[in-house]
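Chemist: Start counting the sequence shown at 3; every next residue gets the next number (my numbering).
Wrong hints could be hidden among the right ones.
Listed next, with one range per pair, are the computed distances between beta-carbon atoms [stated by the list, open to error]:
| hint | residue 1 | residue 2 | range |
| --- | --- | --- | --- |
| 1 | 346 | 318 | 18 to 24 angstroms |
| 2 | 346 | 184 | 20 to 26 angstroms |
| 3 | 239 | 153 | 33 to 39 angstroms |
With a Cα cut of at most 25 angstroms, we get these calculated DMTMM-like pairs of lysine to aspartate or glutamate [claimed, not checked]:
| hint | residue 1 | residue 2 |
| --- | --- | --- |
| 4 | 419 | 459 |
| 5 | 419 | 409 |
| 6 | 419 | 435 |
| 7 | 444 | 479 |
| 8 | 444 | 409 |
| 9 | 444 | 484 |
| 10 | 444 | 335 |
| 11 | 419 | 479 |
| 12 | 419 | 484 |
| 13 | 444 | 459 |
These are calculated hints, taken from the structure and not from any lab test. By construction, the Cβ of each residue, glycine as well, lies at the ideal position given by its N, Cα and C atoms.
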Amino acid sequence: MDGDRGGPAGVAGLSRGGIRPGAVGVRPRGRPADRPLCRGRGVPADRAGRRHPRLARLARGAARVRRRAAGRSRRLHGADRARLEPAVCLRDRGRLHPALLDAAVRVIVAVALLLTPATAAAHDGAATGPPPAATALALVLAVLVYAHGVRRLQARGRTVGAGRQVAAAVAALTLAGALLPPLDRVAAALLSAHMGQHVLLTLVAAPLLALAQPLNVALAALPRAWRPRRLPGARLPVAAAALAHAGALWAWHLPPLYDLALASPLLHALEHATLMATAVWLWWAASRQRPAGALALFATALHAGALGALLTLAPRPWFAAHQAGGAGLSALEDQQLAGILMWVPAGTLLTGFALALLAAWFRQAERRTPSLMGPRTLVLVVLPLLTLLAPGCNRAAPTATLMTGGDPGRGRAAIPKYGCQTCHTIPGVIGADASVGPPLTKLAMRAFVAGQSNTPDNLIAWIRHPQQRRPASPMPEMGVTEQDGRDIAAYLYTLR
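Let the hints inform the model, and build the full structure from the sequences given.
Modeler: In structure tokens form, the structure reads like this:
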């Protein structure tokens, strides 16, 4: 064994005269053989090898003092290596001094915490918020802290899987794409781009972060005194996470609060922070509490899809901040595009993830206990899923009634009274398979009707007075009453 020149040997308890009784990992003289020692420490233990907590803390503190005083290599050589190597703790083999590491981590974490609001306030280029450079710096600092946490865990013999590291890297790139130009500048004018930011944050970056678990890794980069013993919300049910995310999603898309958030960089930062935090919590809890997690994702898909449907089918723009439109789109068309983005892709992703979680749970349950796959499981799992999905299969009629003020059932019965079936193909109406006029299939999904935006007011006016709206149209005046016009429009809005 050889230490550095001019100093004591690198292992506590070893001196030039030999091995001192009570040294690290060496049994003192006179200690009975049936009284075990913990590996790597000269601390008395019981027969099971468990150290006394207070004595263990004192031993660790004394070892840190000796390491900082020596500050030199602790490599073991020679014939005694096999016997004394376990006495050296893995975490003591780092090349940098622990005090320097702790100081550097404190500086990095403090700067990252000061710049964290910048990662959420990346919308309005005219707002007095942090510049994109500050957002990029905050992301870089967060990545550095994560990398340092990985390094410290590996030094302790605890590896972070390659899949988790790749997920963290992709999540960081997704956050950069969502919060940095050019998307953040476009989102200042277009609601659809703003909605794209929310989709990237909650449906791409959030599940990746839940998979990577960066908070657990980053905590390893903090000094021991700064680490919380238990993460908040770790033991709460997934229903709490789903309710928190639903509240954040619906609250921030209420027109008054949304407009206030766009006018205030601080509220805008809070909007993104709450959406992101609750989404990560939901994904993290859902992946660990199956099948309850699958049910929570199904419920999230339903209410997020309902919000997207309301945005898509609204007769007028909701938000004053996007009244001007942009990129060749009117304010209403921009809102319809934003609603479709939340309705279709977001709902598809959530439903797909929920089905994947449910399938994984079924496979795991089948491997462990095949009897779990009996009728009781079907009743407890499949029936609640059908209950959640059943309202979504027939929610077009209530939405159409809310939009037009009419009744779809009465509208379907009124269509033959005015002879609409002689010119148009109308699903659900007997004999309505003509090709004189354009087919009315999937009319609710069209952006334009008769050359105008597909809004309830325009559709009702077109049904009642087509010649007033377009004098050159071959569609005749049929004397449709106002109530019949609303009822027919309500039925047409159920065609998707």
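Chemist: Take the hints in turn and mark each one as holding or not.
Modeler: Each hint tested on the structure:
no.: 1; hint: 346 / 318: 18 to 24 angstroms; result: holds (22 angstroms)
no.: 2; hint: 346 / 184: 20 to 26 angstroms; result: holds (24 angstroms)
no.: 3; hint: 239 / 153: 33 to 39 angstroms; result: holds (35 angstroms)
no.: 4; hint: 419 / 459; result: holds (22 angstroms)
no.: 5; hint: 419 / 409; result: holds (16 angstroms)
no.: 6; hint: 419 / 435; result: holds (16 angstroms)
no.: 7; hint: 444 / 479; result: holds (24 angstroms)
no.: 8; hint: 444 / 409; result: holds (18 angstroms)
no.: 9; hint: 444 / 484; result: holds (23 angstroms)
no.: 10; hint: 444 / 335; result: holds (18 angstroms)
no.: 11; hint: 419 / 479; result: holds (14 angstroms)
no.: 12; hint: 419 / 484; result: holds (14 angstroms)
no.: 13; hint: 444 / 459; result: holds (18 angstroms)
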